[in-house]
Amino acid sequence: MEPPKTMELRRTGKLVKLQEQIIIIALMLCSLAAILVTVGIVASLAFEAFQFFQKIPVSEFLFGLEWSPQTAIRDDQVGASGKFGILPLLGGTLMISTIAMAVATPLGLYSAIYLSEYAKPRTRVWVKPMLELLAGIPTVVYGFFAALVVAPLIRSTGSGIGFEISSESALAAGLVMGIMLIPFISSLSDDVLCAVPKTMREASLGLGATRSETVKNVILPAANAGIIGSLLLAASRAIGETMIVVMAAGLSAKLTLNPLEAVTTMTVQIVTLLTGDQEFDSAKTLAAFAIALFLFVLTMILNVISLKIVDRYKTIYA
Amino acid sequence: MPDYTLTTSENLQRRHAAEARFRWIGRLAVLLSLGFLVLMFFSISTRGMGAFGQTHIQLEIHFDEAMLDPNKQRDPQQLARANYKPIVNQALFELFPEVQTRRAQRSLYRLLSSGAVFDLANMAGQNPDLVGSTQLLWLPASAEVDLFMKGKVDVSLEEKLRRLKNNEIAWINQLKVKRQIRKKFNTAFFTKGDSREPELSGILGAMIGSFLSLLVCFSIAFPVGVLTAVYLEEFAKKTRFTDLIEININNLAAVPSIVFGLLGLSIFLGVFHMPRSTPLVGGLVLALMTLPTIIIAARAALRSVPNTIREAALGLGASKVQTTFHHAVPLAMPGMLTGTILGMAGALGETAPLLMIGMVAFIVDVPQGITDVATSLPVQIFLWADSPEKGFVERTSAAIMVLLAFLVLMNLFAVFLRRKLEKQW
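Line order of the protein sequences matches chains A and B. Counting from 1 along the first sequence, just add 218 to a position and that's the residue number in the numbering used here. Counting from 1 along the second sequence, just add 5 to a position and that's the residue number in the numbering used here.
There may be inaccurate statements among the hints.
In silico lysine-lysine, PhoX-like type, Cα no more than 25 Å apart, as pairs [said to hold, decoys possible]:
{"#": "1", "chain 1": "A", "residue 1": "Lys346", "chain 2": "B", "residue 2": "Lys428"}
{"#": "2", "chain 1": "A", "residue 1": "Lys532", "chain 2": "B", "residue 2": "Lys242"}
{"#": "3", "chain 1": "A", "residue 1": "Lys232", "chain 2": "B", "residue 2": "Lys325"}
{"#": "4", "chain 1": "A", "residue 1": "Lys526", "chain 2": "B", "residue 2": "Lys428"}
{"#": "5", "chain 1": "A", "residue 1": "Lys273", "chain 2": "A", "residue 2": "Lys472"}
{"#": "6", "chain 1": "B", "residue 1": "Lys243", "chain 2": "A", "residue 2": "Lys235"}
{"#": "7", "chain 1": "B", "residue 1": "Lys395", "chain 2": "B", "residue 2": "Lys425"}
{"#": "8", "chain 1": "A", "residue 1": "Lys235", "chain 2": "B", "residue 2": "Lys155"}
{"#": "9", "chain 1": "B", "residue 1": "Lys183", "chain 2": "B", "residue 2": "Lys197"}
{"#": "10", "chain 1": "B", "residue 1": "Lys170", "chain 2": "B", "residue 2": "Lys183"}
{"#": "11", "chain 1": "B", "residue 1": "Lys425", "chain 2": "A", "residue 2": "Lys346"}
{"#": "12", "chain 1": "A", "residue 1": "Lys232", "chain 2": "B", "residue 2": "Lys242"}
{"#": "13", "chain 1": "A", "residue 1": "Lys526", "chain 2": "B", "residue 2": "Lys325"}
{"#": "14", "chain 1": "B", "residue 1": "Lys243", "chain 2": "A", "residue 2": "Lys532"}
{"#": "15", "chain 1": "B", "residue 1": "Lys325", "chain 2": "A", "residue 2": "Lys235"}
Don't read these hints as lab results, they were simulated from the structure. In this text the structure is predicted, and so the values were computed from the model without any measurement.
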């Protein structure tokens, strides 16, 4: 066979180049999808929220102490104008998240310390995936567990020692959410603890410190930033968690510090406002988008801070 | 300043005690966390096991020609629509001839599930020759009878407070003596859609809905995710643009899932007017959610392919695109698939965003395609968990067991892929 002429080669070469250019552009378009999703979220939330704020002033939404999103069917109805203050929802969300973090932080952190510093490799190999199993369980299952097992348990214990506890309480939802968060904290902290250079550990042990003293005085301070990052990430999960609170926390929007009462959260209200019949431009429906925007901004701030902290931490010991 | 000379045995003992304490706290934390896991599995499986059995009652049914097919046409459609209640009643009266009053007869009929007549109708519709014959058949009992047979009715309670009355319990006991009532494997649970009656409800519709949603999710998220990863890892130079994409991806991975539901509601339903409550929209929303997971996993997989492979391909004259798609991507594929399966497992368990796009309706029919209304398995669990009907508690738990079984299978498959196919370079 005669070898192809230079001209032909050049032409096929050009064709290949063109093809490659097209492929690369297609790839770039795909990677734009990630940005498009964010833009889509922000745009859709902002658009609906903007309409909401034309009906209800921003200041009332952010600083209002009452939440009762009923809108009037007739104009002369009693209590016709709904109250759209987000603070009771924020209060409920923060209370449940605080309870959850109070459960998950010690359990997750101590588990991570035990697994990274004490456990034999053989134990570690099967305990770590078991803990991560907790993260793989769907939240609707946690919600069912909270409503069916934990809430009645708390209630009967409460009535046993003379407390009146409602069947839906912040405590039940928070406890179960805490269980859900354990693996987030333990596995991220475990990574962080393992990243602390061996030399630091050995130096401390060599100077005669016990293992626990090494952990407290050397490793934890060194891993500080990374651990805080993992806690923030877990907190952002807790704030955005929906199913557990929908099934176990209740609907009553009130500002309270009593964890035995039923409270409601931002996510619960979004679900209640948007499931069932809805008119698309009533203040009630639009309020859900305003809450979601608030939620999105709140979790995004937490995420960005925690990602920054973890990133910086990685570069210190890389 | 701390006193470093304190090495007396007393001090050492104290420090060692503190050490032992610390270790025990750690051990306790791990045990407690695992204890929660065990408690959860235990409490759900003990509640759910019962739902895999369903009480059936044996009756001698006479398919009376005069009642069912007076024109003797044996038309299957006609037979499927006929009224089977009289022949069931007749069979019951033959079994309990002492029951005479109207009221007692009605409550006798209530021992059976209201779906029993539909079972008979289906049977006769499929096999018209049954008409005129007499058959010994096992028919599903009602939810109350089922609960009683499973020991979940408190008989010591006053009769007024029970749904199951004393005479009904007496009948059940008679049936027990005659061995005409027993638990059989609950096939309806796996072959039917949702229902208002616990004993007739099944998870097939929800499973198909979940499957269709995942199909849509996979066919969008996998290609887009992998191609994005390829672009960022193999082609893009580090610029402000790629930095922005990176931050975005990491951020999206931590956005609350319900926000994606709102995105779907206002864009897919509001702007594009896609059909509400369908696996199409559900799958799209889930795809957007799993995209970051897949991108992150795919990038890690590409990064683990050693550069020597790429350099060898380039050195032999392959172009950049050829090097990537003929060598780097195939070698990274097991890792990409592993990440994708884990992402899919996450999507399978997701509930909140599906509530937002209306996949939460009461749907009896099993969906046939991605544009039919449907629910998904976790949403079905949520709906049943909300139901006041007592018979749904064990069905909810059983549905959870099925869901968890699917998740475990997917995770095992991912582990298998990683072990078998992934190369250690």
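A quick look at each hint next to the structure:
1. Proximity of A:Lys346 to B:Lys428 is assessed by CA-CA distance (about 23 Å); at most 25 Å being required, the pair is judged to hold.
2. Pair hint A:Lys532 plus B:Lys242 holds up; C-alpha atoms about 22 Å apart against a cutoff of 25 Å.
3. At most 25 Å may separate the alpha-carbon atoms for a hinted pair to count; A:Lys232 and B:Lys325 meet this at roughly 14 Å.
4. Among the hinted pairs, A:Lys526 with B:Lys428 is inconsistent with the structure: their alpha-carbon atoms are about 32 Å apart, more than 25 Å.
5. The hinted pair formed by A:Lys273 and A:Lys472 meets the criterion: a straight-line CA distance of about 23 Å does not exceed 25 Å.
6. This hinted pair checks out: B:Lys243 and A:Lys235 have alpha carbons roughly 22 Å apart, not beyond 25 Å.
7. For the hint pairing B:Lys395 with B:Lys425, the CA-to-CA distance comes to about 46 Å; that exceeds 25 Å, so the pair is violated.
8. Straight-line distance between C-alpha atoms of A:Lys235 and B:Lys155 comes to about 72 Å, which puts the hinted pair past the 25 Å bound.
9. The suggested pairing of B:Lys183 with B:Lys197 is violated, with an alpha-carbon distance near 30 Å, which exceeds 25 Å.
10. Restraint check for B:Lys170 and B:Lys183: the C-alpha separation of about 20 Å stays at or below 25 Å, so the hint holds.
11. At roughly 21 Å between alpha-carbon atoms, B:Lys425 and A:Lys346 fall within 25 Å of each other, so this suggested pair holds.
12. For the hint pairing A:Lys232 with B:Lys242, the CA-to-CA distance comes to about 23 Å; that is within 25 Å, so the pair holds.
13. Proximity of A:Lys526 to B:Lys325 is assessed by CA-CA distance (about 33 Å); at most 25 Å being required, the pair is judged violated.
14. For the given pair, B:Lys243 sits about 19 Å from A:Lys532 by alpha-carbon distance, which is consistent with the 25 Å threshold.
15. At roughly 10 Å between alpha-carbon atoms, B:Lys325 and A:Lys235 fall within 25 Å of each other, so this suggested pair holds.
Violated hints for the displayed structure, listed by number in ascending order: 4, 7, 8, 9 and 13.
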